[in-house]
Amino acid sequence: MSRLSSFLIFIWVGIALQAQSLNPDFSKLNFGCDGNSITAGEQWSRTVVDVLGFATHHNVAVGSATWACYADTQDYGSPGFSGISGGWQRTDDKMEMQMRHNNVSKVHIQKFISEVESGAYPAPDVFVFSMGTNDRNLGSAEEALKGKTLDEVDVTTMAGGARWAIQTIIEHYPQCRVFVCTPIQTGSTEHNAQNLQKIAILRELCQALSVQLIDCYSGSGITEKMEQPSGRGRYLRDGLHPDKEGQVLMGRYIAKEIRNNFF
Numbered sequence: 176m177s178r179l180s181s182f183l184i185f186i187w188v189g190i191a192l193q194a195q196s197l198n199p200d201f202s203k204l205n206f207g208c209d210g211n212s213i214t215a216g217e218q219w220s221r222t223v224v225d226v227l228g229f230a231t232h233h234n235v236a237v238g239s240a241t242w243a244c245y246a247d248t249q250d251y252g253s254p255g256f257s258g259i260s261g262g263w264q265r266t267d268d269k270m271e272m273q274m275r276h277n278n279v280s281k282v283h284i285q286k287f288i289s290e291v292e293s294g295a296y297p298a299p300d301v302f303v304f305s306m307g308t309n310d311r312n313l314g315s316a317e318e319a320l321k322g323k324t325l326d327e328v329d330v331t332t333m334a335g336g337a338r339w340a341i342q343t344i345i346e347h348y349p350q351c352r353v354f355v356c357t358p359i360q361t362g363s364t365e366h367n368a369q370n371l372q373k374i375a376i377l378r379e380l381c382q383a384l385s386v387q388l389i390d391c392y393s394g395s396g397i398t399e400k401m402e403q404p405s406g407r408g409r410y411l412r413d414g415l416h417p418d419k420e421g422q423v424l425m426g427r428y429i430a431k432e433i434r435n436n437f438f
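Numbering (my numbering), first residue to last: 176 to 438.
Keep in mind that the hints are not guaranteed to be accurate.
[As the list claims (entries may be wrong)] In silico DSS-like pairs for lysine-lysine, Cα to Cα no more than 27 angstroms straight-line:
(1) Lys323 - Lys286
(2) Lys419 - Lys431
(3) Lys321 - Lys286
(4) Lys203 - Lys431
(5) Lys431 - Lys400
(6) Lys203 - Lys286
(7) Lys419 - Lys400
(8) Lys286 - Lys269
In short, the hints are calculated from the structure, not lab data. If you're wondering where the values come from, they're calculated on a predicted model, not measured in any experiment.
All chains, please: the whole structure from these sequences, using the hints.
Here's what the structure looks like:
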């Protein structure tokens, strides 16, 4: 074998080893996520865990959840904590309304941290947020990003609640890679216009907090043009929520983005 051939083999082996070192073994990593009804249970996150082979799956998402807190939102585990409800139909039950007002990302993250600290789940290596569809009080990224600590952040806005939740995960798990998914397109052009406003805020927050934004709105394969405002379309069963095929499609896209952007 010539010296040139030996040298080229040496270079090839070096490149191969370097590439291998940049591709993590996800089977040794733990996955966590938070979100609303598009994330709760065994939906897109189940596909992500299966495709990448994560060791664990810790999902604290609840249907109807928002980034933004309410004026009376209780801290998870505080005295008199009422619990969390994903209910959405009209009710006059005060306890149910308090539980619905606790259905926010801040409380979900407090619950997530509590479950890790109790030993029920390991600390996450990857954490994905997928929120925003249900938020109404958006606030501004500029206002939410003021200051270095979370003490003065107005968590009753989407921007403030998102900053609180994302930064809290970063602070508690400094070795964890955090990703934020944008809302997907729905079958409603009006809803999508609102989602674009929310995405602009989330993009600014992610840039400031140096976390990866996953553009599910533009890249997941789900488009308003193939969906109905209500009722079944190509991937949405009711104009908003992905059916099984839509969940898998969304999960495969998110898995690809995590794999390509993990370091």
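Structure-based check of each hint:
1. Lys323 - Lys286: holds (23 angstroms)
2. Lys419 - Lys431: Measuring from Cα to Cα gives roughly 18 angstroms; hence the hint holds.
3. Lys321 - Lys286: Between Lys321 and Lys286 the Cα gap is close to 26 angstroms, so the pair holds against 27 angstroms.
4. Lys203 - Lys431: At roughly 18 angstroms apart (the allowed maximum being 27 angstroms), Lys431 and Lys203 satisfy the hint.
5. Lys431 - Lys400: holds (24 angstroms)
6. Lys203 - Lys286: Holds - the C-alpha atoms of Lys286 and Lys203 are around 24 angstroms apart, at most 27 angstroms.
7. Lys419 - Lys400: holds (19 angstroms)
8. Lys286 - Lys269: Given pair Lys286, Lys269 holds - Cα atoms ~22 angstroms apart, limit 27 angstroms.
Every hint, counting from the list given before, is met by this structure.
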